[in-house]
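Use the sequences and the hints to build the structure in full.
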Amino acid sequence: MSAEASKIGKPMERLEDDALLLGLSRFVDDIDLPNMVEAAFVRSPHAHARVNGIETSAAADFEGVIAVLCLDDIRQLLTSDKLAVGLPSPAYRQKVDRPILADTEVTYVGEPVAVVLAISRGVAEDAAQLVDVAYEPLAAVADCRDALQAGSVTAHTSLPDNLVARFNMNFGDVDRVFNAAPHVLSESFWQHRGGSHSMECRGGVAVHDLQEDLLTFWSSTQTPLVAKEMLCNLLDRSADSVRVVAPDVGGGFGPKLVFYQEDIVLAVAALLTKRPVKWIEDRREHFVATTQERDQYWNVEVAANADGIILGVRGDLIHDHGAYTARGVNIPYGSSLSVILPYNIEAYALDIKLALTNKVPVTPVRGAGQPQGAFVIERLLDRVAEKCGLDRAEVRRRNLVRADQMPCEKPLKLRGGTTVKLDSGDYHKTLELALEKAGWDQFPDRQRAALSQGRYIGQGVATYVEGTGRGPFESVKVRVDPTGQINVYSGAAAMGQSTKSMLAQLVADQLGGDLKSINVTTGDSSKIEFGFGGFNSRQTVMAGSSAHAAAVKVREKATRLAAALFDVTHDQLEWNDGIISVSGSSNRTLSLGEAASNLKGLPGYSLPAGLAPGLEFTEEIVIDDMAYSYGAAVANVEIDIGTGEAKVTDFVIAHDCGRIINPMIVDGQVLGGVVHGISNTLFEKMGYDENAQPVTTNYGEYLLVTAAELPRIQIIHCETPSPLNELGVKGVGESGVIPCAPAIVSAIEDALSPFDVRVSQTPVSPIDIVGMIAEGRTAP
Amino acid sequence: MNKLEHTDKDVVVTVNGKPRSENVPVRMTLADFLRHQLGLTGTHVGCEHGVCGACTVLVDGKAVRSCLMLAVQANSADVTTLEGLALDGEELTPLQQAFKDHHALQCGFCTGGMLMTLTEVLEDSPDPTEAEIRIAISGNLCRCTGYQGIVDAALAAAKILRDERRP
Amino acid sequence: MKPPPFQYFDPTTIDEATGLLGRYDNAKLLAGGQSLMPMLNMRFIFPDQLIDLNRIPDLTGIRRSGETIEIGAMTRQRELERSALVGEKLPILVEGLQQVGHIQTRNRGTIGGSLTHLDPAAELVSLAMLYDAQISIQGANGDRKLPFSEFVLGYMTPAIGFDEIVTGIGFEAWPASHGFGFCEFSRRHGDFAIVSASALLTLEGGAVARASFVLGGVDAVPLKMPEVESTLIGQQPGEVLYQAVAEQCRQIDAMEDSLIPADYRQHLAGVMGRRALEAAVARCRDGDLGTHE
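Protein chains in written order, with my numbering: chain A, 1 to 780; chain B, 1 to 167; chain C, 1 to 293.
It is worth saying that the hints were derived from the structure and are not from the lab. Be a bit skeptical, because a hint or two may be false.
Unchecked claim - Mimicking BS3-like on lysine-lysine, the simulated pairs with C-alpha atoms at most 25 Å apart in a straight line are:
| # | chain 1 | residue 1 | chain 2 | residue 2 |
| --- | --- | --- | --- | --- |
| 1 | C | K89 | C | K224 |
| 2 | A | K10 | B | K100 |
| 3 | A | K685 | A | K647 |
| 4 | A | K10 | A | K429 |
| 5 | B | K62 | A | K516 |
| 6 | A | K516 | A | K7 |
| 7 | A | K600 | A | K527 |
| 8 | B | K100 | A | K7 |
| 9 | C | K224 | B | K9 |
| 10 | A | K7 | A | K600 |
| 11 | A | K413 | A | K95 |
| 12 | B | K62 | B | K159 |
As the list claims (entries may be wrong) - Computed footprint of chain C on chain B; a stretch qualifies when at least three of its residues, placed anywhere within it, have a C-beta under 8 Å from a C-beta of chain C:
| # | region |
| --- | --- |
| 13 | 46-54 |
| 14 | 125-138 |
To be verified - Partner residues are not named here, just some residues of chain C that face chain A (Cβ under 10 Å, in silico):
| # | residue |
| --- | --- |
| 15 | H102 |
| 16 | F185 |
| 17 | M255 |
| 18 | S258 |
| 19 | P261 |
| 20 | V271 |
| 21 | M272 |
| 22 | R274 |
We put the beta carbon where it would ideally sit given N, CA and C, even for glycine.
Put into structure tokens, the structure is as follows:
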């Protein structure tokens, strides 16, 4: 059977665009149901306090208020008063699950205490001010290092200490390696990443249909099927009696993968009031009540030989976990892994401690811990280069995992127990491409010329490896209707990363036809049974593989049917745009719709060719190993030494995410990730004072980068297929973030080399830079 | 709470060319009025304190943050929202088409605001430089795209519009 | 983040507005809304009444009266930014306005609103101090005028009575040959200045004849610097003078907050002060000698 041109690899127009451009999209706040009430949450203003009572009568009596609910009001509908969501890990020493509404103690500013339901959000907020909570403020622990000191205030009064989890990663004989090494360098790093700040905050609408006894929950979530399971478990409802739908979602970036207190409270409120209930998070709530990433403190040593070969890395990491477990130990786990992924390192020992603090829980934000690990190894490589008198690019060349080592097993395991194995790639190639494009070798001359004019410019390089395609699977169903309509269903969740287009492109590649005519439904628990959703750059790999497999099966079945109907062999058939025809014959054709119609069957008649009924397949391709994307980035900066401002003037990234399905979409993902990384490195800092009070709670204080601060970012594509899935794809959503901080910080140090500045932190602010210049030795 | 006077008002606002007579609570923002009272949900609310720009609409041809205007302030004004850009609500403008061609939107939440700001900007500056575009959209935040596709779309659309105007 | 409840009035005359102010003791004026609305949305303030000034035609307009440019308090910042008259007579205003927020901000924001709000980091506030602009005020007890230096009482506290409104601002233009420089450091385009420096000067015979110099964002109020002005008068622009001025700027008592330490503000004052001065000198046409090099 002849093949028509593949659609894979082509920059096709997105399915999502028209609705979004015409204002026909539906985000959760666009949902307005008759008789709907709106919720406003009463939240703790204290980082740590006892709750000695909640007086709600004044609020409940306020005109326009339907109800005011505390934990005691909703307990009877719940199988548990806490959210047990942690990914399992033997590292845990303490179990700290979030109470659904505060019970006797609050442990972070923003923790939900009660909810007011009213005829409008404005009225709900008016009444919320009248809820009187008897707080007894307690000492709060703000710094994760202090939290682990003996005698520290405990984030929870009921717990003996703040060490919530501890684990280590090690391989090889670290002591021997370090004792014998010619060079041992040590450094300490502070790394801070901020919040999600998707442009759409969180939100949900819950409604209970009495006739059907169906609880429907529209939620701006990355994990609708997980949310459904949580609701079923917490409310003791059957799987058929709960439906969760992710409508259009305005960005997720990680924190929307979490199931929150507000989600279950809304569902309960809908059941209790017998009215639809809506809650839309406002931006100030996003700052205090949505999970975020925060601080890590590293003390590390690197052992190297005189040729700049890294022999070993060892040290410890303290990770700020926040007040409760809302996900797992995955961020510091990923950080620790990322240190050793791209390079050949024979010995490694990292002791990781996760500390409870009186701040909102920490869960992954785009990059999920990998940027922090990359930062550590990349900074250490710069130090080794300096010590050994090597160019910073050269030291990486000497240490990178080589193409001939692939697949490269690392002596470490993923959280599920599978061995870490870099599946494919040529790390040297992306490094060389990035260096070449950025003019790495020519830069020192440019730098000298600039310095003679009183300008301080610098360059930095970093490589990265991103673990993508987190398994074990993501279901996809492909069904053709007798009308010819192709339908694709998946529990995959779209949040802007073009999931629908990606799935449609893969299915269209097999079944032909215009992408736009394919009906893709993602994130609706009533349309698909199993799945997890969007996070960890997994959906192209997992859902894509399943979509491809299902579409292949649909195509095979339709082909078999045609062969039977026309009494020909497969190689006498052609596919063109969804029509199967006998080669050379214009009147022996079978469209997909006709095939589906045929396979519906007729009472009393046999189905053709002994085929099973229907033209639909559901696939769950299982892959436990992760597919590793990788690349290298070169950043150029210019520093105004008067103000301390560092500007990224150029940025080149050479990346490889395996086989590219749609280059336009891949570019968008890389660009978005890089800009997020630049924003983290130079602008974003979620500030807290010594009492764990948030001090940056609006966009004047917390800075997101805008278009005006950015250079054009240049992307070079490489494609080394992954052997782990039939498509050869790898994820790409988080790649761009990972190399930014190390490349930029390296460039800042390079620019400030006349002042002998050392930068061991990210983010870096102008105030930091002015301070560093003052502290360093002055230029001759 | 007592029912006070002067807490709601009758207004007539022309929205996307159509006069709308509505009674509005005086504390309702223009953003909420457009979205929930008129059902025009293309305008989005991202921060409610005047930084993210997702709520940008045109009032009398000028790009403004609708979260920082009260609905009553739009009485007698001419408001254009995202829904009012495309011809008959269907045919995309060159700027909207350019957004598609250059992958200038991903989740789409900031897109309405970006388009409204750029609509005024391209009217005022038919031949902007890249730097000028970047400054012009610095009051519109995007977390998905990294802005580059948006800048490319704006430059491409500016060229198309200039060519269209050429006699 | 929805505003708390309030009563709303939109008077069409100044007298109506001041009358309303006199009647209610917890009323707020609504001008461009770019500062007030965020505060309302975030429930930082709870006015019982909002008096909207946007429907009073007498409050808008840009007029020339001799060498003074009279600007109605409700004139939009964007209009000022694009006014040929302002560009010609008060060019530093255009330079400062281009840093005020973003297009959307300036399409609604007004000069009167900004000056009455009196945020010490606001560009227009520094520039009004630079010119010692004349503030016209109207109230139940009649009209009055006072120079901006007297209008500023303290941190975000203008010298205005509870039943008065600012109706206009008068800027006396400097000679056409004057040099001007507005230098601001902010983290991103459009953000409030962390520190700004603005300078006006004229040169005669190679020496500074007249100077005005203000630091913004460093203190609770914009800082006019007569000590810098005296240092400049009679001096030849050059490295020695720039360093002296930079040092004077660094010596100021700067404010501290949870995000920016005082010593960084002091450092920036020195850097920005020097740059504003250099820019002003570069732009200056010497009354005797032509453009200064």
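Here is what the structure says about each hint:
1. Of the supplied pair hints, the one linking K89/C and K224/C holds, its CA atoms being roughly 21 Å apart against a limit of 25 Å.
2. Only pairs whose Cα atoms come within 25 Å are accepted, and K10/A paired with K100/B is accepted, the gap being roughly 15 Å.
3. A hinted pair counts as satisfied when its Cα atoms are at most 25 Å apart, and K685/A with K647/A qualifies at roughly 17 Å.
4. In summary, the hint linking K10/A to K429/A is supported, as the alpha carbons are separated by about 23 Å, within the 25 Å threshold.
5. Between the alpha carbons of K62/B and K516/A the distance comes to roughly 35 Å, so the proposed pair goes past 25 Å and is violated.
6. Restraint check for K516/A and K7/A: the C-alpha separation of about 13 Å stays at or below 25 Å, so the hint holds.
7. The suggested pairing of K600/A with K527/A holds, with an alpha-carbon distance near 20 Å, which does not exceed 25 Å.
8. Taken as a hint, the K100/B and K7/A pair is honoured in the structure, with Cα atoms around 18 Å apart against an allowance of 25 Å.
9. Simply put, K224/C and K9/B have alpha-carbon atoms about 45 Å apart, too far for the 25 Å limit, and the pair is violated.
10. This hinted pair does not check out: K7/A and K600/A have alpha carbons roughly 29 Å apart, beyond 25 Å.
11. Note on K413/A and K95/A: the hinted pairing holds, with a Cα-Cα distance of about 23 Å set against a maximum of 25 Å.
12. Using a Cα cut-off of 25 Å, the hinted pair K62/B and K159/B holds, with the two alpha carbons roughly 22 Å apart.
13. Only residues whose beta carbon comes within less than 8 Å of a beta carbon in chain C count, and the region 46-54 of chain B has 4; three or more means the coverage holds.
14. Interface restraint, the region 125-138 of chain B with chain C: holds (3 residues with C-beta to C-beta distance below 8 Å; minimum three).
15. Because the smallest distance between the Cβ of H102/C and any Cβ of chain A comes to about 9 Å, under 10 Å, the interface hint for this residue holds.
16. Checking F185/C against chain A by beta carbon gives a least distance of about 5 Å; that is within 10 Å, so the hint holds.
17. The interface hint given for M255/C is broken, as the beta carbon of that residue sits about 15 Å from the closest beta carbon of chain A, more than 10 Å.
18. Against a cut-off of 10 Å between C-beta atoms, the interface hint on S258/C holds, since the closest Cβ of chain A lies about 5 Å away.
19. Checking P261/C against chain A: minimum C-beta separation of about 7 Å stays under 10 Å; hint holds.
20. Using the Cβ-Cβ criterion of 10 Å, the hint placing V271/C at the interface with chain A is satisfied: the shortest such distance is roughly 4 Å.
21. Because the beta carbon of M272/C sits about 8 Å from the nearest beta carbon in chain A, less than 10 Å, this interface hint is met.
22. At about 8 Å, the closest approach between the beta carbon of R274/C and any beta carbon in chain A falls short of 10 Å, and the interface hint on this residue holds.
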